[in-house]
Amino acid sequence: MFVTRDAALRAVKRASHVCWVVDATTSYADVAAQLLEYGAESGLKPLSYGDGQGTREASSLLASLRADSEAARGEGFAGVLVVAAMDTLLPTDSSTEAIVSLEVALDALVAELGATLVCAYPSSVFDTSALIAALCVHPARLGSDQIPQFRVTAGVAATWHVSGDVDVAVTSTFAAAVRAVSVVDPCVLDVASLEFIDVAGMRIIAEAARANARTIVLQGASSSLRRHWALCRFDEFAPTVAFTR
Amino acid sequence: MTAAAEVQPRDHLVQFYEHESDLVDLVGGYLSDALSDGEIGVVVATPAHTAAFLAALTAAGADVERARAAGSLVVLDAAETLARFVTAGGPDPASFDAVIGELIRGAVATGRQVRAYGEMVALLWDDQQVLAAIELETLWNGLADQVSFSLLCAYPLASVNGSDLAAQLQHVCHLHSTVVGTGSDLGGRAAGAGATVTRDFAAHVGSAWAARRFALETLADWGREDLGADAAIVVTELAANAVVHARSDFQVEMSRQGRAVRISVRDSGAATPALRAATSTAESGRGLGLIAGIAKAWGHHPLEAGKLVWAELRV
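Chains A and B, in that order, are what the protein sequence lines are. Per the working numbering, the first sequence starts with residue 1, numbered consecutively. Per the working numbering, the second sequence starts with residue 1, numbered consecutively.
These are computed hints drawn from the structure, not numbers from a lab. C-beta: ideal position from N, C-alpha, C; glycine also. Each hint can be trusted.
So these bits of chain B aren't anywhere near chain A, every CB distance computed over 12 Å: (1) His19; (2) Gly38; (3) Ala48; (4) Asp92; (5) Val197; (6) Gly223; (7) Ala271.
On the chain A side, residues computed to face chain B include the following (Cβ under 10 Å): (8) Gln149; (9) Val168; (10) Val170; (11) Thr171; (12) Met202; (13) Ser224; (14) Arg227; (15) Cys232; (16) Phe234.
Pulled a few chain A residues facing chain B out of the computed Cβ check, cut under 7 Å: (17) Asp167; (18) Ala169; (19) Phe196; (20) Val199; (21) His228; (22) Leu231.
All chains should be modelled from the sequences, with the hints used to inform the complete structure.
Rendered as structure tokens:
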């Protein structure tokens, strides 16, 4: 999907963590240059990750973003705007689990640092399932009209927003996202915007809590979700899952 | 179309007939099928209609006297029966239960399916007791919540057509699972009761979302958004079973009768759905357990090619 300069700028103004699906209709170099130019005009230090010079280790990528953000503030910038070529930063055979795990960590870090990060995923490199998985864990998208069926994105105060519909079509991606966000204890999931979750989706949350006796707080759950959870006896299976308003 | 061949337990059908012959054809077929299938037929009608129905049964080869003697055919006078539970204030629920409820429960207790035909509602409507007719329809539905039987009601088209009681007529339609023989003048007022709708879905994981949307849109059309959350998870679980386990295209049918909504899913899988013991530590097999907990009733039966699983929601 062709990306105009306006569309690119709207995306980064809407959210600080953008999933950009790059296809043959758009020049990566041109759009990346427009984004970096906007960053500079906005008082952000423009940075480009990838292009064969980046790391393929997720932990190094996270460390680089943190270090570059701190350095940029020391240089008088308000923060950083990074355009990342994910095909050169991720191992070529990256699984959905790996993509989701990395992006969840990046989402939390972007929120913490006040950074702006555009993750570019070439559709020539990443298959549809990988692209959809990436879209599910970004608060904004560019270059794609694919609306993810659900989203898990970082909120304030270490809360994760879960929205949309969770069913058999997205079970594996949702599982990867829940595993990634539940590494902290307690893990707070704001599910007020979760329109639907099936039994398998509920079980994913229950198993994540049960696996390491972790506390998972479901904030803003609908009365239906609470009732269905109890009918499935997940309250007994995973007693460390708590419901709050 | 004759509804007789398509009657299922707990169906509540209504016919708006233009000609007496239409009524006799439909009810005659309805009762004839009941007798042929070893069911019990209960008729609450005017003497003239009763005579016509019995003549139709005889013409169809039924031994009417033998059926009545054996208790397979019960005949009551509509006006006399009405007088036993309708007062100046309308139908009395307790008296209705004592008269009609006891009759139906007694028939159901024999273990045979029961098909009832009643035109008491039409007598009330013709007597300008429209609200009483609606109350009586509601009492019939309440009885159907307790015991399983099918009910066919009939109104003369001339009584309801062109009247200024369109809202009340629409209400009557919504109290039924199927409207039969709307007649040209009745048009869209009775149509759109939309008591049964079906849609086919492909064996694809994305079909669970589509099936859920279909269920929710249907409930919205029926004014039953209150069942949305439960219907969504029921249809999603059954759809997922079809796609993941049966690996089959599937069909979702939504039907309603009174306050009940039934969701049925047909797929080509042969495996019988099993309600596993919902122990607190079980890590799988909770989907049907959830359905059993949500639904007022649920079940399954094999089809010629595959199976049907259904769940009835009711508030």
